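Participant: Residue-level listing of the chains:
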Amino acid sequence: MIILKNVHKRFGNLHVLRGVDLNVRAGEVVVIIGPSGSGKSTLLRTVNHLEPIEKGEIWVDGIPVHQQKDLRTVRSKVGMVFQQFNLFPHLTALQNVTLAPTLVLNRTKEEPASKAMALLKKVGLEQKAQAYPPQLSGGQQQRVAIARALAMDPKIMLFDEATSALDPELVGEVLGVMRQLAADGMTMMVVTHEMGFARDVADRVVFMDDGVVMEEGKPEQIFANPQNPRTKQFLSRVLEK
Amino acid sequence: MNWHVVVESKGVLLGGFLVTLQLSFWAILLGTSLGLVVALIRTTHVPVLSQAARVYIDIFRGSPLLMQLFFVYFGLPYLGFEVEKWLAATLALTLYSGAYIAEIIRAGMEAVPKGHREAAASLGLSFYEMMRYVVIPQTITVALPPLIGFYIGLVKDTSLATIIGYRELIRESQGIIDRTARPLEVYAAVAALYFIICYPLSVWSTRLERRSTAHL
Amino acid sequence: MVWQGAHLPAAASVLVGRAGNRRGTGAEPWSLSPSGTTPPRTPTDGGITMVFDWGAPFRNYDLLLAGLGVTLRVSAIAFVCAFAIGLVVALARRSRFWWLRTVATVYVEVLRNTPVLLQIFVVFFGLPSVGIRWDAITSGTIALALNTGAYLAEIIRAGIQSISKGQIEAATSLGLSPSQVFQRVVFPQALRNIYPPVVNQVIMVEVFTAVTLIYVALTATSSSLLHLLGRRLFPTPERPEVGL
Chain P
1 MIILKNVHKR FGNLHVLRGV DLNVRAGEVV VIIGPSGSGK STLLRTVNHL EPIEKGEIWV
61 DGIPVHQQKD LRTVRSKVGM VFQQFNLFPH LTALQNVTLA PTLVLNRTKE EPASKAMALL
121 KKVGLEQKAQ AYPPQLSGGQ QQRVAIARAL AMDPKIMLFD EATSALDPEL VGEVLGVMRQ
181 LAADGMTMMV VTHEMGFARD VADRVVFMDD GVVMEEGKPE QIFANPQNPR TKQFLSRVLE
241 K
Chain H
1 MNWHVVVESK GVLLGGFLVT LQLSFWAILL GTSLGLVVAL IRTTHVPVLS QAARVYIDIF
61 RGSPLLMQLF FVYFGLPYLG FEVEKWLAAT LALTLYSGAY IAEIIRAGME AVPKGHREAA
121 ASLGLSFYEM MRYVVIPQTI TVALPPLIGF YIGLVKDTSL ATIIGYRELI RESQGIIDRT
181 ARPLEVYAAV AALYFIICYP LSVWSTRLER RSTAHL
Chain U
1 MVWQGAHLPA AASVLVGRAG NRRGTGAEPW SLSPSGTTPP RTPTDGGITM VFDWGAPFRN
61 YDLLLAGLGV TLRVSAIAFV CAFAIGLVVA LARRSRFWWL RTVATVYVEV LRNTPVLLQI
121 FVVFFGLPSV GIRWDAITSG TIALALNTGA YLAEIIRAGI QSISKGQIEA ATSLGLSPSQ
181 VFQRVVFPQA LRNIYPPVVN QVIMVEVFTA VTLIYVALTA TSSSLLHLLG RRLFPTPERP
241 EVGL
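Protein chains in written order, with the working numbering: chain P, 1 to 241; chain H, 1 to 216; chain U, 1 to 244.
So that you can see chain P by itself, here it is in the shape it has in the complex (with noise of 0.2 Å):
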């Protein structure tokens, strides 16, 4: 489903990706962890570019992403979830999730309306639909953003960070949620601290060091026992807790 061959990206001087090879399966959950600096948010970025790449290829479903051809096409096939949410807070949570489908899908108001409303039930939120963003926790407003993405009919779904910004006791609503987009059979690239989630939902774990996949695997494998001694050192700092 999704492929990365090679792919590199600097930021000015900064070589943020150095030569990632990455493959995704249908229906596949992949978890991306590492320390900050690892460039595993700008590989996130780059499959539905919103971060372009230098050298190497992406394919998303058949599409060469990296040849900025139809990206139309990819963005309404691979849905973004944000660390800031990035609701729209001039427009109800309703919305937010029809702008979308509306807009670039062309479809005419009653369908993507009720089609919203059966995810906001989804994720829990139907009683907000006409609630604005500020007025929303900030656990309500990550589900609405992803009830947002998943109105496009997207083969994929991209998490950056989802749960970094929200409260200790909001976190567990939104994982929630994503746990049953992977039981639905969803395929997930995710990029987050939540070991635990990780463990239980990935299919795969890898682990991202200084822009390269150092090592992935089974999260049986990654988290009992890893061969790479970053990857040691980095989960042996994470799990402390």
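Any given hint could be a false lead.
Covered, in the sense of this in silico footprint (three residues per stretch, anywhere, with C-beta under 8 Å from a C-beta of chain H), are these stretches of chain U [what the hints assert, rightly or not]:
| # | segment |
| --- | --- |
| 1 | 148–158 |
| 2 | 165–179 |
With beta-carbon atoms standing in for the labels, derived distance ranges [claimed, not checked]:
| # | chain 1 | residue 1 | chain 2 | residue 2 | range |
| --- | --- | --- | --- | --- | --- |
| 3 | U | V130 | H | A192 | 15 to 25 Å |
| 4 | P | A183 | H | E118 | 25 to 35 Å |
| 5 | U | S179 | H | R54 | 46 to 56 Å |
| 6 | U | V199 | H | G11 | 24 to 34 Å |
| 7 | U | W99 | P | Q227 | 32 to 42 Å |
| 8 | U | W99 | P | E110 | 42 to 52 Å |
| 9 | H | L18 | U | S164 | 17 to 27 Å |
No lab work stands behind these hints: they were computed from the structure. Here the structure is a predicted model, which means the values were calculated and not measured. Even for Gly, the Cβ is constructed at its ideal location relative to N, Cα and C.
Since the structure of chain P is already known, use the hints to place chains H and U on it.
Facilitator: For chains H and U alone, kept in the frame of chain P given last:
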């Protein structure tokens, strides 16, 4: 386009320019001093003084500069004072800018979080030391860009003194135009003169603003 | 010179109350009057004595209201035009064509760093020399619109720029085209954000309209109106040249 006339009249133009600069300088100097004083009065907790300052500020910020100019130039003689044009212009501009500057400074002072004063107090700093090392530096950082922006406006506002006949740049240029009948060239020169004063200031102000919010 | 200076407040107060209407029926807010108190003459002013007739404004409230009407009309038209200009210029400053950006930037910087009065003069006194001759009120409106437009352009541009990148990324990742992102996400929020400074500009336009109308109307009708006033105030055959 006949630029000759500009070159020929450059003496008159520069004379007017000098007058404009002079007026601006005094208005800025006196207005800032006045504004500082009024800002301090405004922030004391003495009701009468603070109210009086408030009234002054509201009056001079709430009415057009032109009207203030007229009141000073035409009103004072009625009260028995002889008022020459330069004095009327300077006085009106000073009173006008004093009010605005007082507000800018007050906003700057209030932008310093209360917590800083408390921290200073708990560290044992005296009132004077707190003001000098904690409050005033931060006030200046916050207030400087809008202050400079206001000064730029002041330089341009000196042009209103034309209306009472004060011989600043615009009035002198009108004289040249009457003589030479080449308004566009003369106006271009006048605009250029204002521009070379105001534009660098506005660039500076923008840069200051960027720097002061960058570290937030 | 002195003569002009002395009569400006008269003209001003007359004109603010009577934009365009040149009746001089002695209902001015001040008048020369041998009756009542006579304040001392002021030598520097060339001798105009004034007795304030405070009732005058109230007797002539209809004229003052008419004057207010003109002021409001001019400032409203000027502001609407200014906003349109400001929007266009703000977008031009963000365009990918360098020449468009340059033109817009020059426009904004020149109009913001030169006095409004000068700009009004250029429109009213300068343009006739290239054949464009508008009347006083139109000139004032146009100059005001151009000037305020420059300020509004900056305000609008800052408002657009202040919308966080995250909003743009979210909209882009949903597949919205750049123009859709701008129209549906960035611009509505920008408009809401700039409301306070825009209101401030409305006030500024009001104020400047008053200034404009006083001065331009004054000079527009200079020969006739000032001579009219002069004749009433100084009924002597001698008259110095009017050279505003």
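Participant: Are the hints correct? Go through all of them and say.
Facilitator: Status of the hints after comparison with the structure:
{"no.": "1", "hint": "148–158", "verdict": "violated (count 0)"}
{"no.": "2", "hint": "165–179", "verdict": "violated (count 0)"}
{"no.": "3", "hint": "U:V130 x H:A192: 15 to 25 Å", "verdict": "holds (19 Å)"}
{"no.": "4", "hint": "P:A183 x H:E118: 25 to 35 Å", "verdict": "violated (52 Å)"}
{"no.": "5", "hint": "U:S179 x H:R54: 46 to 56 Å", "verdict": "holds (49 Å)"}
{"no.": "6", "hint": "U:V199 x H:G11: 24 to 34 Å", "verdict": "violated (45 Å)"}
{"no.": "7", "hint": "U:W99 x P:Q227: 32 to 42 Å", "verdict": "violated (59 Å)"}
{"no.": "8", "hint": "U:W99 x P:E110: 42 to 52 Å", "verdict": "holds (46 Å)"}
{"no.": "9", "hint": "H:L18 x U:S164: 17 to 27 Å", "verdict": "violated (48 Å)"}
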